[in-house]
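Enquirer: Listed below are the residues making up each chain.
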Amino acid sequence: MWTFNSIINKIFDILFLPFQSMNPWIGMIFISLLTGFLMLLVFRYTSNQEGIKVTKNKIKAHLLEMRLFPDNMRVSLKAQGNILLANIKYISHSVKPLLFMIIPVILVLIQVNFWFGYSSLKPGEPVVLKVKLENDYNPLEVDLNIAPSSGISIETPPLRIEEENEINWRISPLKKGVYNLEIYIDGQKVSKQVSVAQTSLSKISPKKVKDSFFDVLFFPLEAPIKKSSPVKSIEISYPDKGLPLFGINFHWLIAFFGLSIILGFAFKGVFGVEI
Amino acid sequence: MSNINRRDFLKIGVTAGSFLALSGSSDMVNRVFGKTATPQKIIVLGFDGMDPKLVKAWMDEGKLPAFRKLQSQGTFTPLRTSTPPQSPVAWSNFTTGMNAGGHGIYDFIHRDPKNYIPIFSATESSQSGKTLALGNYKFPLSGGKVTNLRKGKAFWQILEEHDIPATIFKIPSNYPPVPTKQRTISGMNTPDMLGSYGIFNYYTTDPSKIDQDIGGGRIHEVYVIGNRVESKLSGPINTFKKDDPETSIDFKVFVDPINPVAKITIQDQEFMLKEGEWSSWKKLHFNLIPTQSVSGICKFYLKQIRPEFKLYISPINIDPGDPALPISTPKNYAQELEEKFGSFYTQGLPGDFKALNNEILDDREFLDQDDMVLEERLKMFDYELARFDSGVLFYYLSSTDQRQHMFWRYIDKDNPFYDTSLATEYKDTIQNIYIEADKMLDKALKKADKNTIIMVVSDHGFSPFHRAFNANTWLLENGYHSLINKRRQGESNLFLNTDWSRSKAYAYGLNGLYINENGRESEGIVATGAEKENLIREIAKKLENYIDPKTGKRAIYRAYIAKDIYSGLCVDQAPDIILGFNRGYRISWSSPLGRIPKEIVEDNPAKWSGDHCVAPDIVPGIFFMNRKINTQFPALYDMAPTILKIFGIDTPQNMTGRPII
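Residue numbers (our numbering), protein chains in the order written: chain A, 1 to 275; chain B, 276 to 936.
None of these hints come from the bench; they were simulated from the model. You may find that some hints are simply not true.
[Said to hold, decoys possible] Among the chain A residues that face chain B by a calculated CB cut under 10 angstroms, a handful are:
{"id": "1", "residue": "Asp-136"}
{"id": "2", "residue": "Leu-140"}
{"id": "3", "residue": "Glu-155"}
{"id": "4", "residue": "Thr-156"}
{"id": "5", "residue": "Leu-159"}
{"id": "6", "residue": "Asn-165"}
{"id": "7", "residue": "Glu-166"}
{"id": "8", "residue": "Arg-170"}
{"id": "9", "residue": "Leu-174"}
For every residue, glycine included, the Cβ atom is placed at its ideal position computed from N, Cα and C.
Produce the complete structure using the sequences and hints provided.
Expert: This is the structure we're talking about:
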């Protein structure tokens, strides 16, 4: 899974490389456009284009029927029933392309989340580093150590929360860079990437997880923690990021879907796709 | 008379305040005024409470070089303060060019003669008139209103009429900010989110050693169970719900079983503190109804984890990034500062002297907190000074006042509670804040060109506060006040034990004394005219002759008769007598809200050991200017006419003051 993630990560690194110092909206428009194109292509080659066209024409015809015979209850009701049936058919035509699209779109969403969902830390802005242990380990009993880093200061002694099976530290970035914090639990080392004062568009890994399929699928940016490790996950509470426009901070998901749909519709003629 | 206690009194303000949070009733304009470049420029630094004797002494010792330099360029003189010398009154004199008879602010606290209930002097809040009830909810059909009660035009409003820009930073008695296109942000009198002058919360496993009824704070008993503490933080009352319950937010504190460290989780935030550490500002959202919430900011201080758990949470300030109440003009000025500097103290009196006075915070902790206030103010000063290029910049500093109130005991060996060992550590606290003010002045001097006039003003000086005078007890013992039940003397405040049918006078606020006048007070018994006038003079004379049996000194230096000293349209609202206390004396802690203890004068045991609510002649302020002036005795109310004259504007007829250049 990690090999697959590495390839996907690399693709997105290359895709976003030209946009890293630009306004994040430009990167967002680019990825939305690309996703829109991808969806159009998938839709074109996996859907029954002719069937969609016929179904849409039938819906239009029944709508016209309703407008022509507004005073005839029987005709109107029949037209409405036919519209409903045609809609069901139209939706059924979309199921197949949807099934083809769902996996690539999820992969795109996961990546986009880590590029647009979090801000990197600022020097002097402390955050909580959370190390979650496996159930077999008690945070009060394990041997703990965290190695100092040139760019990250460890500001507190460990806070051990038995009921959460968790160990917390407060860390504070000192200077710009991407650092690896090394944590030792019962002598076993685990590391966690920390991003400080990165460019306006940079990928952030808030959580490093154990090597299991779904965990690694949803947190793909860092190599997973070994299965034998006492550590279940390591998390840093990075601040959320929005996409500011006219004084409103848009969540990346709204911007992404909005732009993908708008751009998809705008280019459907170019791709000759019937939606 | 309605049966109201202090909490109800605060709730009145809170209720209206909460409505305002949602009504969007502010009619402030939404653009910054002042594009006209003026040949003359004025920078006014307002250092609250800076005392002329201390300034002179430390200038002579070479500790205030910028002040010395400014003096050499023009003028340094004591400045006649207001009567009484309280900050809201004094800065209103400064702002309007009038005495209290003109602007109508006589004290922090006024009273409603209809029911003898104390009211805030500077601000009036009113609720929405009608509401629509739906189940447990009620919806206002109109907006509430908060009104600045100060009368008269502020000098920056007059400047605006002449197209002269001004930035007015945190001047007291400007809440809500008066309508203007100038850039202003409110200072003293700005409430916290509970509608009070600042209520902190304190969570401890050992509340037994703390007075549960401390003013300005709430004490909560908590338990550490499984290395976890759970509690609630109360916010503004929810006027969308029946009976106006308080909003609250749950929070948890996880503590390490050995290490002195804890994690606090509240709403979607989590942060760690070591013992003895302050958090940064935390933004909280208090939900009113599913679609409506109000935002406030506060700081957490983890005082101690073991053996007893102690957590202090500051008063919840109005969030300058999303102000629930009007705190600036234009509306987005506060937001502009928040975007530039992050959250900052918006509460009128930001230093939590109540927490220090009640020993929730110690001296060091209070200073740490006030240092955070100072740090914010200094950053914003640099910002405003750097972009100042036209008109007037007024910049206010509160720490000079608050540190003198709380640390006077360390420079005053006559204080009954003077502590030699602590004095060694804290004796320079006041001097240090004067030195900080000197550094601010130095920056202003460096910024000034030949067309820039620099003025430094304080609203009053300072005096020791050794002995506390119970004005209502004096009235009682001299036959001017009567109780319903003599055995219950001193048990209640707000005059709940007063027999108004036999009371001729009463004292409210820090310096005010009122005659129980027939036709004005709801249960007044003294006839208007000669009877009242004779009574006023009789009481004033007796007060001035009162000798403190412990010290052999007069407690009252002068008892001022209102009609003799005030002029203007608001004279009829004045207290009948203004108590001008002698040096070393002040009103007691009980008297301002109508409690009547047994002793007329008692020692002041509080850490609040310096004060200025005495006779104005005892505590003049300071006045510095890089120009010569034309009078020997300038007054606060001369400042507004002087500023106007510098820009060629004639003094308005209703101003008491006159230009001094």
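Enquirer: Give me the numbers of the hints this structure contradicts, sorted from smallest to largest.
Expert: Those not satisfied are hints 1, 6 and 9.
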